[in-house]
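Given chain A, put chain B in place with the hints provided.
2 protein chains.
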Amino acid sequence: MALIVQKFGGSSVANAERVRNVASRVVETMQAGNQVVVVVSAQGDTTDDLIEKANEINTNASKREMDMLLAAGEEISIALLAMAIEKIGASVISLTGWQAGFKTNAVPGNARIDRIDTERVQSELDKKNIVIVAGFQGLDKYDNITTLGRGGSDTSAVALAAALGADRCEIYTDVDGVYTADPRICPNAKKLDEITYDEMLELASLGANVLHNRSVEMAKKYNVRLEVKSSFEKVPGTIVKEVTNVEKMLIRGVTRDNDVARIAIIGLEDTPGIAFKVFSALAKYGINVDMILQSVGRNGTKDIAFTVTKECLQKTLEVLENLKDTLTYEEVTHRDDLSKVSIVGAGMTNNPGVAAKMFEALFDADINIHMISTSEIKVSTLINVANAEKAVRVIHDKFNI
Amino acid sequence: MALIVQKFGGSSVANAERVRNVASRVVETMQAGNQVVVVVSAQGDTTDDLIEKANEINTNASKREMDMLLAAGEEISIALLAMAIEKIGASVISLTGWQAGFKTNAVPGNARIDRIDTERVQSELDKKNIVIVAGFQGLDKYDNITTLGRGGSDTSAVALAAALGADRCEIYTDVDGVYTADPRICPNAKKLDEITYDEMLELASLGANVLHNRSVEMAKKYNVRLEVKSSFEKVPGTIVKEVTNVEKMLIRGVTRDNDVARIAIIGLEDTPGIAFKVFSALAKYGINVDMILQSVGRNGTKDIAFTVTKECLQKTLEVLENLKDTLTYEEVTHRDDLSKVSIVGAGMTNNPGVAAKMFEALFDADINIHMISTSEIKVSTLINVANAEKAVRVIHDKFNI
Numbered sequence: 001m002a003l004i005v006q007k008f009g010g011s012s013v014a015n016a017e018r019v020r021n022v023a024s025r026v027v028e029t030m031q032a033g034n035q036v037v038v039v040v041s042a043q044g045d046t047t048d049d050l051i052e053k054a055n056e057i058n059t060n061a062s063k064r065e066m067d068m069l070l071a072a073g074e075e076i077s078i079a080l081l082a083m084a085i086e087k088i089g090a091s092v093i094s095l096t097g098w099q100a101g102f103k104t105n106a107v108p109g110n111a112r113i114d115r116i117d118t119e120r121v122q123s124e125l126d127k128k129n130i131v132i133v134a135g136f137q138g139l140d141k142y143d144n145i146t147t148l149g150r151g152g153s154d155t156s157a158v159a160l161a162a163a164l165g166a167d168r169c170e171i172y173t174d175v176d177g178v179y180t181a182d183p184r185i186c187p188n189a190k191k192l193d194e195i196t197y198d199e200m201l202e203l204a205s206l207g208a209n210v211l212h213n214r215s216v217e218m219a220k221k222y223n224v225r226l227e228v229k230s231s232f233e234k235v236p237g238t239i240v241k242e243v244t245n246v247e248k249m250l251i252r253g254v255t256r257d258n259d260v261a262r263i264a265i266i267g268l269e270d271t272p273g274i275a276f277k278v279f280s281a282l283a284k285y286g287i288n289v290d291m292i293l294q295s296v297g298r299n300g301t302k303d304i305a306f307t308v309t310k311e312c313l314q315k316t317l318e319v320l321e322n323l324k325d326t327l328t329y330e331e332v333t334h335r336d337d338l339s340k341v342s343i344v345g346a347g348m349t350n351n352p353g354v355a356a357k358m359f360e361a362l363f364d365a366d367i368n369i370h371m372i373s374t375s376e377i378k379v380s381t382l383i384n385v386a387n388a389e390k391a392v393r394v395i396h397d398k399f400n401i
Numbered sequence: 402m403a404l405i406v407q408k409f410g411g412s413s414v415a416n417a418e419r420v421r422n423v424a425s426r427v428v429e430t431m432q433a434g435n436q437v438v439v440v441v442s443a444q445g446d447t448t449d450d451l452i453e454k455a456n457e458i459n460t461n462a463s464k465r466e467m468d469m470l471l472a473a474g475e476e477i478s479i480a481l482l483a484m485a486i487e488k489i490g491a492s493v494i495s496l497t498g499w500q501a502g503f504k505t506n507a508v509p510g511n512a513r514i515d516r517i518d519t520e521r522v523q524s525e526l527d528k529k530n531i532v533i534v535a536g537f538q539g540l541d542k543y544d545n546i547t548t549l550g551r552g553g554s555d556t557s558a559v560a561l562a563a564a565l566g567a568d569r570c571e572i573y574t575d576v577d578g579v580y581t582a583d584p585r586i587c588p589n590a591k592k593l594d595e596i597t598y599d600e601m602l603e604l605a606s607l608g609a610n611v612l613h614n615r616s617v618e619m620a621k622k623y624n625v626r627l628e629v630k631s632s633f634e635k636v637p638g639t640i641v642k643e644v645t646n647v648e649k650m651l652i653r654g655v656t657r658d659n660d661v662a663r664i665a666i667i668g669l670e671d672t673p674g675i676a677f678k679v680f681s682a683l684a685k686y687g688i689n690v691d692m693i694l695q696s697v698g699r700n701g702t703k704d705i706a707f708t709v710t711k712e713c714l715q716k717t718l719e720v721l722e723n724l725k726d727t728l729t730y731e732e733v734t735h736r737d738d739l740s741k742v743s744i745v746g747a748g749m750t751n752n753p754g755v756a757a758k759m760f761e762a763l764f765d766a767d768i769n770i771h772m773i774s775t776s777e778i779k780v781s782t783l784i785n786v787a788n789a790e791k792a793v794r795v796i797h798d799k800f801n802i
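As they're listed, the protein sequences go chains A and B. Heads up: the first sequence begins at 1 in the working numbering, then just goes up one per residue. Heads up: the second sequence begins at 402 in the working numbering, then just goes up one per residue.
Just so you know, these hints were derived from the structure itself, not from any lab. Every value quoted in this text rests on a predicted model; they were computed, and no experiment measured them.
Calculated pairs, DSS-like style, for lysine-lysine (alpha carbon to alpha carbon, straight line, at most 25 Å):
| id | chain 1 | residue 1 | chain 2 | residue 2 |
| --- | --- | --- | --- | --- |
| 1 | A | K63 | B | K488 |
| 2 | A | K141 | B | K504 |
| 3 | A | K87 | B | K454 |
| 4 | A | K87 | B | K464 |
| 5 | A | K87 | B | K716 |
| 6 | B | K542 | B | K464 |
| 7 | A | K127 | B | K542 |
| 8 | B | K542 | A | K128 |
| 9 | B | K528 | A | K63 |
| 10 | A | K127 | B | K464 |
| 11 | B | K528 | A | K141 |
| 12 | A | K103 | B | K542 |
| 13 | B | K542 | A | K141 |
| 14 | B | K642 | B | K592 |
| 15 | B | K454 | A | K53 |
| 16 | B | K529 | A | K63 |
| 17 | B | K504 | B | K621 |
| 18 | A | K141 | B | K529 |
| 19 | A | K191 | A | K398 |
| 20 | B | K758 | B | K799 |
| 21 | B | K504 | A | K103 |
| 22 | A | K53 | B | K488 |
| 23 | A | K241 | A | K220 |
| 24 | B | K488 | A | K315 |
| 25 | A | K190 | A | K220 |
| 26 | A | K315 | A | K53 |
Output of the computed footprint for chain A on chain B, the stretches with three or more beta carbons under 8 Å from beta carbons of chain A:
| id | segment |
| --- | --- |
| 27 | 411-423 |
| 28 | 470-480 |
Even for Gly, the Cβ is constructed at its ideal location relative to N, Cα and C.
If we strip away everything but chain A, and leave its shape as in the complex, we get (with noise of 0.2 Å):
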């Protein structure tokens, strides 16, 4: 008998007919003898509208009510999932994020998980219930509800799987698996059957959209094997692992992520402690910073450009304009039209000039590269969102993937 940890996203768990289609997914997989936990996230829209609902009140409201308004959302796709499982005669309960053990740091709107206490989880699986869990919620150490941002779901389905010990932990998605590019950009993209953690790592984190780079991290570090999966066709998806045993192939897949702003400041002061003192900043205020370039200015300043996710954007602004005592620059500036075009393969590290052949795609397409990041793994350009899906395509051929 294995334990299998499923989650399903919101436009899985859309409406009746999905909801339905979900809990007999859920209710096969148990019948084939398995113990199945579920995490799920919000109905569809329901999250949306229940911004909408606070921003006609307060455009300015606490994170922490935020939480507890949106936490809302996964309750009702947890309770519905539940009564459909029901009504098919399985045996089924559902829990919230605290009810499952769920325990976050104090971080609202973007909690992190610090442990879960599986006792719950764990008597109900031995009652023979399918266990629903709320995706994306949890509960701080002061007994408030707290949501996990970004990829929450996916993370809390994975940090699951790895406290219960889960033989699997299948992601249901609306593509049916992991993609050298996404096929509306790139009509020859090729679904890949096996990626590493790392290279999945790197797509995640550049907008393949398929899985949060958090619960791949967390996947990876706790050797979770992960599947991601189609919810509406029974299709082999893409297998997550440590390693893979496909042929090596020099990459993996061409990205691009539009969620990119660029902030830029000018003509720092060129001494020690800088960079810390700017980017511990924004940690505090819980902003992920993506990309990031130092380089030497005029007349011993240095400038530093970075990149954030547009929602962090004005709050970045506003930190950097606090820091104005403590640091001497000449200017800020920001752009939030680019786009962020990468190449990602575990093969590329032993291929010299896997990056030069990139920029020469680019360049043969005319088109103009604002800033790049490396790592072992990939490349990464920042060019005119305009230029974004012509990029996609350029090097996807020219890598002849």
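Chain B in isolation, oriented as in the chain A frame:
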């Protein structure tokens, strides 16, 4: 500095504008130098919408999952009200039922409050916060979310006022007080300035639709001073307390309640313990019985007739069906086209002939009485629902209230 518990029902917070209106009343109360705890119901149609969502999926969902679903309704309203208060600039925190320490028994859908652990609410008050609490909900000893059933939010408010030792509990509703009859039926009905718990209890349980009897019972038990007020208009309401100063009125009000179903068990074997068997079985399923009549039948048998709310009719018939093994009876009949019309008033105990006068009014109007039940301060009659409004008017006129 007084500690005031204010309760706002679903219609009082039905949309953004009303939520803002409630927020400013709450902040005014605080700024007048009081500590304020606010108990809120789910917004307007939220509960109905959630029930509809459930019915699309499973019309026979477990009450446990129904409670999980419905509890989301108040989570939304407490968060929104807290945001509206934040907007005004006051310190505020919202708490779910379980966060506010509501511990209930394990009867989903109709739970009773066992106790309230007020530490959290008290500590938030000590931090100068306005505390917004989700009505209608609590947590059972197995850590399952429960709801309190009909009138639950009123009960939450009164119980919390009692547990906190509040100076008073204000119930805001869409009427501006307690009337001698429903003003929509009797245009010459009068608003009462004061009323005793016992009178209110009879009025509440008889369908006056202002306060639920559970909340009034609890107010009487813990001597909580209640005030029924309008959410929309700033006019004095009705005060509910132990002894009132107003001159003795023969009867205090006329009410009708259309949510009534009558069940009759005909030809019961006349052995001791029959009534116990019937009503303990119903109690086990959480079915509240209202009027009870036991009469001698034919051939050494007896008949028991009683009323329940319409919602409980089907369940009641099932329970009686299951009693067939332990109970001998000829048949069970039922009707749900009835209305309970009643007069209430502490004055009637010392005034013989009050009941007769009521029956005369009904006789004059050619209204047939199906069942009669009396207590120290009320007389109830069961009549055809089609006659209910007329009955209220003729009785109100007859007593010249």
